[in-house]
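Enquirer: Next come the chains, spelled out residue by residue.
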Amino acid sequence: MLSKKRKAYISGMKVAMYISTGLTAALVIFLVAYVFIKGIPHISWELLSTKPSYISGRIGILPDILNTLYIVLATLIFVIPLGVGAAIYLTEYAKNKKLVGMIEYAAEALSGIPSIIYGLVGMLFFCQFLGFKTSLLAGSLTLVIMNLPTVMRTTQESLKTVPQSYRDGAFGLGAGKWRVIKTVVLPGCVDGVITGCILSIGRILGESAALLFTAGFAHALNGIFEGLTSPGASLTVALYVYAKEQGEFGVAFAIAAILMILTLLINLSATFVSKHFAKKREF
Amino acid sequence: MSDIMTAKDLNLWYGETHALKNVNITIPEKSITAFIGPSGCGKSTFLKTLNRMNDLIPSVKITGEVCYNGQNIYDSLVDVNELRREIGMVFQKPNPFPMSIYDNIAYGPRTHGIKSKVKLDEIVEQSLRDAAIWDEVKDRLKKNALGMSGGQQQRLCIARALAVKPKILLMDEPTSALDPISTSRIEELAIELKKSYTIVIVTHNMQQAVRISDNTAFFLLGELIEYGETEKLFSQPTDKRTEDYITGRFG
Amino acid sequence: MKKNKLIERTIHGIFLILGLLTVGCVLLITVYLVISGIPAITEIGLFDFLFGAKWASTASEPEFGILPFILTSIYGTAGAILIGVPIGFFAAVYLSKLANPKVKAFMEGAVSLLAGIPSVVYGLVGMLVLVPAVREIFDIPDGASLFSAIIVLAIMILPSIIKVSMTALEAVPKEYEDASLALGATPIETYFKVSVPAAKSGIAAAVVLGVGRAIGEAMAVMMVSGNVPNMPSLFQSVRFLTTAVASEMSYSSGLQQQALFSIALVLFLFIMLINATLNFFLKKEKD
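Residue numbers (our numbering), protein chains in the order written: chain A, 1 to 283; chain B, 1001 to 1251; chain C, 2001 to 2287.
For reference, chain A alone in the conformation it holds in the complex (with noise of 0.2 angstroms):
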């Protein structure tokens, strides 16, 4: 039998368990159900195909999935192969363990710097030193330096598990460093390379406070490279702006929603590519 005491602590934390946890799933089932009720009767054609005129008086918002899809595209074509590189150098070049540990370092500090502070030197750096303006380019450089320590951990772990048999093989056949690096190490790391990916755009798209003063607010339609020259709104930072400063809620939800399902759809991605490639290394 236990005693009294002993009961009353067990109950007591069981309780504790269950509201916490109930309580995580009830805000989450809550926010996406309240986001999709207020936002979904909102999505239309017209909104998602037209841009918004002041003439009409209407809404549309093709400019901001443009100018998102574009910021995604121009940040992965920058932040791959940086952060590809830079887990290569790590895991195949650097012999000298304190610069490892020093670049390891740096990386988790950009990881833990805030999206307000990229901006802010976003906007010092690549808007005014370098003289990119308010752009959507200069925009997804500052995102560029953000996702770079994603990128950089998921390859490093991926060609952790590039067996160093493989790099033997190819090194006792008389392979340069940089054949082997070529043949066998980088096709043993596209799983990390694509989970990289998923991550970066789950966290470009989400991303608002790093772009309002480095890609700016315009909701102009435009063509990719005009478009990368041009400031333009983010999906994230078009609903700032018509939440906050325009009081355009219904847009706002229907934005909201559409963030939600691409949010939702990601995390089904990661979720999926991790089990496949699970499943392939078995082998």
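Please keep in mind that the hints were generated in silico from the structure rather than gathered at the bench. Careful: at least some of the hints might be erroneous.
No farther apart than 25 angstroms at their CA atoms in a straight line, the calculated lysine to any residue pairs in the SDA-like style are these [claimed, not checked]: (1) B:Lys1119 x C:Asn2004; (2) B:Lys1021 x B:Gly1228; (3) A:Lys160 x C:Lys2283; (4) A:Lys244 x C:Lys2193; (5) A:Lys4 x C:Ala2179; (6) C:Lys2102 x A:Thr271; (7) C:Lys2097 x A:Leu23; (8) C:Lys2104 x C:Lys2193; (9) B:Lys1093 x B:Lys1165; (10) A:Lys38 x A:Thr183; (11) A:Lys244 x A:Leu62; (12) B:Lys1165 x B:Leu1120; (13) A:Lys97 x C:Glu2008; (14) B:Lys1195 x B:Ser1002; (15) B:Lys1165 x B:Arg1129; (16) A:Lys177 x B:Ser1002; (17) C:Lys2163 x A:Leu264; (18) A:Lys275 x A:Ile201; (19) B:Lys1119 x A:Thr183; (20) A:Lys177 x B:Lys1167; (21) B:Lys1061 x B:Tyr1102; (22) A:Lys95 x C:Leu2016; (23) A:Lys160 x C:Asn2279; (24) C:Lys2283 x A:Met102.
Quick caveat: nothing in here was measured; it's all calculated off a predicted structure.
Please build the complex by placing chains B and C on the supplied structure of chain A, with the hints as guidance.
Expert: Structure of chains B and C alone, referenced to chain A:
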């Protein structure tokens, strides 16, 4: 028979550990030389100094000389990749690349600049024939090499090493992960190969050394204790420690 | 052959540069913040800047005291931790030790979703649900307040706390728990008295990570805190370090803008301190 490799006063350290001590040895051409000794005696380490695979470990320091055809391979002018092409290696665990059988064999020749499809086809077939595995795999050259049995994988790795036309083949306990039937096939293959190649094999299996090698070297605690003709070393060892080892008193 | 060596060296050099990129970025950020943050501090005076109680950047005789922002950020973060950590902690223990696999899988998905929702969406829902509710319940003129910000921040740090604590709890060797069970402790006693202490560095890391997230959040807080530079009080509109930078940046110039950079520098120093603490706990967890 002329000598193809010579080590002179070779010492090797892993960080603070003195792993090889003053090793002196000459290896004759077109023969099989076996390295035996208890685990941790330095036999595998020494094998890897012969084609500079130890270069890949950061904390390793080496003094002394290893001469291949009269040239010190640790000389700064030596191209390591070219060296490893001429002195091939087969590893303890079969390590085919996660590619097709064909691409595994073609990897080495492609590395060294052969691009012609006709030429590659020819090399792939010849190497697989030399490694006595052609008949088993000729119909599935495009299949992934990881789907083969362990014994087949190891013969594939031997074929892969042969494809770059080496002069010497270093084998690091090539049968330790295999079943007896696969083991005997690899042993037959080694005897066949010594007609055209010099083979140096590390083995923990003394019967294997007796069965296939011409010369045997016995290592203990990083030192080369005794080296000579296999028959003589196993029948009349000159060093007490060799005798203790081959009669199974330790190790 | 010489050509090959040259190519290999060049490639090595390129990778070295890529490897050093993260270090370069950290230096770039630090240097920029220091260079642009120092002038205003020297002009205003370090003491008046950090401990000045009044921020009136656009007044005819402007004042630049950021004590209200510093305190708001500290109180806001502390409040979020006070609410978010217990909930996250108990949920993490339940999910890592007791939950059946289906519940666990569902909740892991839910927590990931919570982590992935953009902060402006939190801000939006907070603005339209939480802020009016706070106004009604506490009968105050404006619900946009420190209290609303604390609730939003508590929700936003929840996923980091749950995930990192779960990882730490799941890494506790099963032998510890078995030993405790074999001594007659019940499973729940075992989890709280053996597993939790064994995972304490990891859980501490989760808390510190939460602190970092909370102190760095800008957009969601901007939408629910009213954004007025008051000294912090639970049911009044307030302004955080992050929102102080964000709210005036677009129209500022001269000393005002420089002062905003100085605020960012202060925020950056806070974050670096938190990072160092986090690293300390993570290292401990590894050992």
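Enquirer: Hint by hint, say whether it matches the structure.
Expert: Here is how each hint holds up against the structure:
With a C-alpha separation of about 23 angstroms, the suggested pair lysine 1119 of chain B and asparagine 2004 of chain C falls inside the 25 angstroms cut-off, and the hint holds. This hinted pair checks out: lysine 1021 of chain B and glycine 1228 of chain B have alpha carbons roughly 19 angstroms apart, not beyond 25 angstroms. Between lysine 160 of chain A and lysine 2283 of chain C the alpha-carbon distance is near 20 angstroms, which keeps this suggested pair within the 25 angstroms criterion. With a CA separation close to 47 angstroms, the supplied pair lysine 244 of chain A and lysine 2193 of chain C exceeds the 25 angstroms bound.
At most 25 angstroms may separate the alpha-carbon atoms for a hinted pair to count; lysine 4 of chain A and alanine 2179 of chain C meet this at roughly 23 angstroms. Taken as a hint, the lysine 2102 of chain C and threonine 271 of chain A pair is honoured in the structure, with Cα atoms around 15 angstroms apart against an allowance of 25 angstroms. For the suggested pair lysine 2097 of chain C and leucine 23 of chain A, the alpha carbons sit about 18 angstroms apart, so the restraint of at most 25 angstroms is met. With a C-alpha separation of about 22 angstroms, the suggested pair lysine 2104 of chain C and lysine 2193 of chain C falls inside the 25 angstroms cut-off, and the hint holds.
A distance of roughly 22 angstroms separates the Cα atoms of lysine 1093 of chain B and lysine 1165 of chain B; the hinted pair therefore holds under the 25 angstroms criterion. A hinted pair counts as satisfied when its Cα atoms are at most 25 angstroms apart, and lysine 38 of chain A with threonine 183 of chain A does not qualify at roughly 51 angstroms. Straight-line distance between C-alpha atoms of lysine 244 of chain A and leucine 62 of chain A comes to about 20 angstroms, which keeps the hinted pair within the 25 angstroms bound. At roughly 13 angstroms between alpha-carbon atoms, lysine 1165 of chain B and leucine 1120 of chain B fall within 25 angstroms of each other, so this suggested pair holds.
Distance hint between lysine 97 of chain A and glutamate 2008 of chain C is fulfilled; the C-alpha atoms sit about 22 angstroms from each other, no more than 25 angstroms. Only pairs whose Cα atoms come within 25 angstroms are accepted, and lysine 1195 of chain B paired with serine 1002 of chain B is accepted, the gap being roughly 14 angstroms. Note on lysine 1165 of chain B and arginine 1129 of chain B: the hinted pairing holds, with a Cα-Cα distance of about 14 angstroms set against a maximum of 25 angstroms. Between lysine 177 of chain A and serine 1002 of chain B, the direct Cα distance comes to roughly 33 angstroms. Violation of the 25 angstroms bound is thereby established for this hinted pair.
This hinted pair checks out: lysine 2163 of chain C and leucine 264 of chain A have alpha carbons roughly 18 angstroms apart, not beyond 25 angstroms. This hinted pair checks out: lysine 275 of chain A and isoleucine 201 of chain A have alpha carbons roughly 19 angstroms apart, not beyond 25 angstroms. Between lysine 1119 of chain B and threonine 183 of chain A the CA atoms are separated by roughly 21 angstroms; this keeps the pair inside 25 angstroms, and the hint holds. Restraint check: the Cα-Cα separation between lysine 177 of chain A and lysine 1167 of chain B comes to about 22 angstroms, which is no more than 25 angstroms; the hinted pair holds.
Between the alpha carbons of lysine 1061 of chain B and tyrosine 1102 of chain B the distance comes to roughly 37 angstroms, so the proposed pair goes past 25 angstroms and is violated. Taking the CA atoms of lysine 95 of chain A and leucine 2016 of chain C, the gap is about 11 angstroms. The hint holds against a cut of 25 angstroms. With a C-alpha separation of about 22 angstroms, the suggested pairing of lysine 160 of chain A with asparagine 2279 of chain C holds against the 25 angstroms cut-off. Restraint check for lysine 2283 of chain C and methionine 102 of chain A: the C-alpha separation of about 14 angstroms stays at or below 25 angstroms, so the hint holds.
In terms of the numbered hints stated before, the structure departs from hints 4, 10, 16, 21, listed from lowest to highest.
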